[in-house]
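Visitor: Listed below are the residues making up each chain.
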Amino acid sequence: MKPYEFLPHTADTKFRAYGKTLEEAFTNAAYAMTDVITDHTKIKPTIEKNITVTSENEESLLYDFLEQFLILIDSESFLLNQVKELTIKNNKLTAKLTGDTHPEKYEINIVIKAVTYQEMFIKKEKGQYAIQVIVDI
Amino acid sequence: MTEPKKEIKLNKITDFIWEIPKTGKMNVPTRIFASEELLAKMKQDRTLEQGSNIACLPGIHKYAVVLSDGHEGYGFPIGGVAALDFEKGGISPGGIGYDINCGVRLLRTNLKKDDIYPKIKELLDSLLQFVPAGLGSSNITVTKEVLDGALNKGAKWAVENGYGNQDDLEHCEESGGMTSADASKVSDLAKKRGRKQLATLGSGNHFLEIQYVDKIFDPEIAKAFGITEEGQVTLMIHCGSRGLGHQVCSDYLREMERNFPKIIAQLPDKELVYAPANHPLAKKYLQAMSAAANFAWCNRHVIGHQARLAFSKTFPDSKLETVYDVAHNICKVEEHEIDGKKTKVYMHRKGATRAFPPGHPDVPAAYRDVGQPIIIPGSMGTASYLLVGTQEGMKATFGSTAHGAGRVMSRHEALRRFDGEQVKKDLAQHKIMVKSVSKKGVAEEAPGVYKDIEKVIEVSHQTGIGRKVVRLKPIGVVKG
Numbered sequence: 001m002k003p004y005e006f007l008p009h010t011a012d013t014k015f016r017a018y019g020k021t022l023e024e025a026f027t028n029a030a031y032a033m034t035d036v037i038t039d040h041t042k043i044k045p046t047i048e049k050n051i052t053v054t055s056e057n058e059e060s061l062l063y064d065f066l067e068q069f070l071i072l073i074d075s076e077s078f079l080l081n082q083v084k085e086l087t088i089k090n091n092k093l094t095a096k097l098t099g100d101t102h103p104e105k106y107e108i109n110i111v112i113k114a115v116t117y118q119e120m121f122i123k124k125e126k127g128q129y130a131i132q133v134i135v136d137i
Numbered sequence: 001m002t003e004p005k006k007e008i009k010l011n012k013i014t015d016f017i018w019e020i021p022k023t024g025k026m027n028v029p030t031r032i033f034a035s036e037e038l039l040a041k042m043k044q045d046r047t048l049e050q051g052s053n054i055a056c057l058p059g060i061h062k063y064a065v066v067l068s069d070g071h072e073g074y075g076f077p078i079g080g081v082a083a084l085d086f087e088k089g090g091i092s093p094g095g096i097g098y099d100i101n102c103g104v105r106l107l108r109t110n111l112k113k114d115d116i117y118p119k120i121k122e123l124l125d126s127l128l129q130f131v132p133a134g135l136g137s138s139n140i141t142v143t144k145e146v147l148d149g150a151l152n153k154g155a156k157w158a159v160e161n162g163y164g165n166q167d168d169l170e171h172c173e174e175s176g177g178m179t180s181a182d183a184s185k186v187s188d189l190a191k192k193r194g195r196k197q198l199a200t201l202g203s204g205n206h207f208l209e210i211q212y213v214d215k216i217f218d219p220e221i222a223k224a225f226g227i228t229e230e231g232q233v234t235l236m237i238h239c240g241s242r243g244l245g246h247q248v249c250s251d252y253l254r255e256m257e258r259n260f261p262k263i264i265a266q267l268p269d270k271e272l273v274y275a276p277a278n279h280p281l282a283k284k285y286l287q288a289m290s291a292a293a294n295f296a297w298c299n300r301h302v303i304g305h306q307a308r309l310a311f312s313k314t315f316p317d318s319k320l321e322t323v324y325d326v327a328h329n330i331c332k333v334e335e336h337e338i339d340g341k342k343t344k345v346y347m348h349r350k351g352a353t354r355a356f357p358p359g360h361p362d363v364p365a366a367y368r369d370v371g372q373p374i375i376i377p378g379s380m381g382t383a384s385y386l387l388v389g390t391q392e393g394m395k396a397t398f399g400s401t402a403h404g405a406g407r408v409m410s411r412h413e414a415l416r417r418f419d420g421e422q423v424k425k426d427l428a429q430h431k432i433m434v435k436s437v438s439k440k441g442v443a444e445e446a447p448g449v450y451k452d453i454e455k456v457i458e459v460s461h462q463t464g465i466g467r468k469v470v471r472l473k474p475i476g477v478v479k480g
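Line order of the protein sequences matches chains A and B.
All the letters of the first sequence, read from the start, carry residue numbers 1 to 137 under my numbering.
All the letters of the second sequence, read from the start, carry residue numbers 1 to 480 under my numbering.
Hints were generated in silico from the structure; no laboratory data involved.
Only a predicted model underlies this, so the values are computations on that prediction, with no experimental measurement involved.
Beta carbons are placed, not taken as given, at the ideal position from N, Cα and C, and that holds for glycine.
Worth double-checking, as some hints may not be accurate.
As the list claims (entries may be wrong) - Ranges of calculated distance between the beta carbons of each label pair, as one might list FRET restraints:
id, chain 1, residue 1, chain 2, residue 2, range
1, A, Pro8, B, Thr14, 29 to 37 Å
2, A, Asp39, B, Asp125, 48 to 56 Å
3, B, Pro280, A, Asn91, 50 to 58 Å
4, A, Glu56, B, Lys88, 40 to 48 Å
Said to hold, decoys possible - Result set (DSSO-like, lysine-lysine): computed pairs, CA atoms no more than 27 Å apart in a straight line:
id, chain 1, residue 1, chain 2, residue 2
5, A, Lys105, B, Lys395
6, B, Lys319, A, Lys42
7, B, Lys319, B, Lys435
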């Protein structure tokens, strides 16, 4: 199973992320989104952060969760390396993130403006979760 | 391309105007300003479907408009224009976009293209030094007071604090600041995202471009815009409200989503959610959006100031004066003549430039006799245009025209087809130097991923919604 893949879209970037559990699919969606900006595997885990996100339903939780990474980049220059211990319960998500706050050390491809609801889905098919998101560039 | 597309019926009005008739939930028809060739490109994605979706919004007047550079967006297509009634309509963040007041500023110089060529590398290096790009942080220390000043007053705050001058303000849409702004309606989160980003370029399709006047189509109007001869050098700045504006859009989309589930259930697309005109959220969003728009004007204004410093390092006697600055993602409260009656509307322009005619009170005094300058950037390495607003445009498109070339190829596909270094080499053969903080960014913005700007402009010119004045060609580009 591929953790995530990119699909064609005229102006912006569309990806699908997969997982055996919803938590794994959300984690892979965070990696897919970060990889638009920079290769997340190359980011050094110099600091650790805890995040909590609460939303009204699963889709908005995904939107708010992914938006966290854009807020962290703009406000703290934080680039993601790993999402650890992600849990989702009653539309409340908690996770531990590792990453680095020195973007000048890495090759940056492009900055994402926003997460969008366009063509967003969270599906469970044949025991696997699939998430689709378009981000605005 | 993307998801399965709906079959859309189209009637031909003229060679360059097409109409999607009012069907289903549409309150009015949708008019598309495009040649057959450009229309064929729009049919490849969901542009037309999204164009017809706009017509479903309440209180929409006359028709929804899709301009010649239209392409698929979220909610509205890019190149989408809608006049929603000020009392019976509403305001939709998806009709403005995440990058509130993404726009373009054009400055003219007293330099000639032959002055620039030998010094281009040095000049691009110092531009990048004075104007941070990519994830680079602002050179300005932004305190809470600074941010509130920029949000409430826009470029006026910058002039009061020593950046740029009064003349810049007089040659800018809204004089560089909307009075409807209220910084207290912008969330702390949005302010946190914007704090390091005042006077930074960002990335994506944002750029600084040193250009020369390649052709003057209308010498009299060009002269009014301060463009006097071919070969004259100009500087174009393309950027927006950065993370702050993106967060304002996101915050209010989410707030409307929570407040108006019944409205969403009636709409063909969740991202068209709007605040009805009579609901307090409509005013609140207008105030927050205006503040984000002011941040963007302040941003381009200070970048213009920084560019002057960069130019003066290489050319101590250089003089850069603002021709004009236009927003192309914004909503304004405007008055338009509809069925012979003056009507107040929430005028949404998303990926569309305001194009007001001669005599309009919102056109700066210096240009009131000729009309508003319209600045339309092309893709990296191709031409950009300076047009002028017309009475025809006021009637046909609520005083709006195209905003750029419009993408035709995905970023993913561009990366597969183009190599950043090769794109730079090819452009260098045409005497265009590119300086970029990202290799991939150059490939993703390769000239081949956009529509032909000439064809987009021809539609504006032929339909009379924006007449050609000057064509500009690039010498050097700084890309985020």
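Visitor: All hints are to be evaluated individually against the structure, with a verdict given for each.
Guide: Each hint, compared with the structure:
Range check, Pro8 of chain A to Thr14 of chain B: about 33 Å between beta-carbon atoms, so the 29 to 37 Å window is met. The hinted window of 48 to 56 Å between Asp39 of chain A and Asp125 of chain B is violated, with their beta carbons roughly 27 Å apart. Against the hinted window of 50 to 58 Å, the Cβ-Cβ separation of Pro280 of chain B and Asn91 of chain A comes to about 27 Å, which falls outside the hint. At about 29 Å, the CB distance of Glu56 of chain A to Lys88 of chain B disagrees with the hint of 40 to 48 Å.
For the given pair, Lys105 of chain A sits about 53 Å from Lys395 of chain B by alpha-carbon distance, which is inconsistent with the 27 Å threshold. Under the criterion of a C-alpha separation no larger than 27 Å, the hint pairing Lys319 of chain B with Lys42 of chain A is inconsistent with the structure, at around 45 Å. A hinted pair counts as satisfied when its Cα atoms are at most 27 Å apart, and Lys319 of chain B with Lys435 of chain B qualifies at roughly 23 Å.
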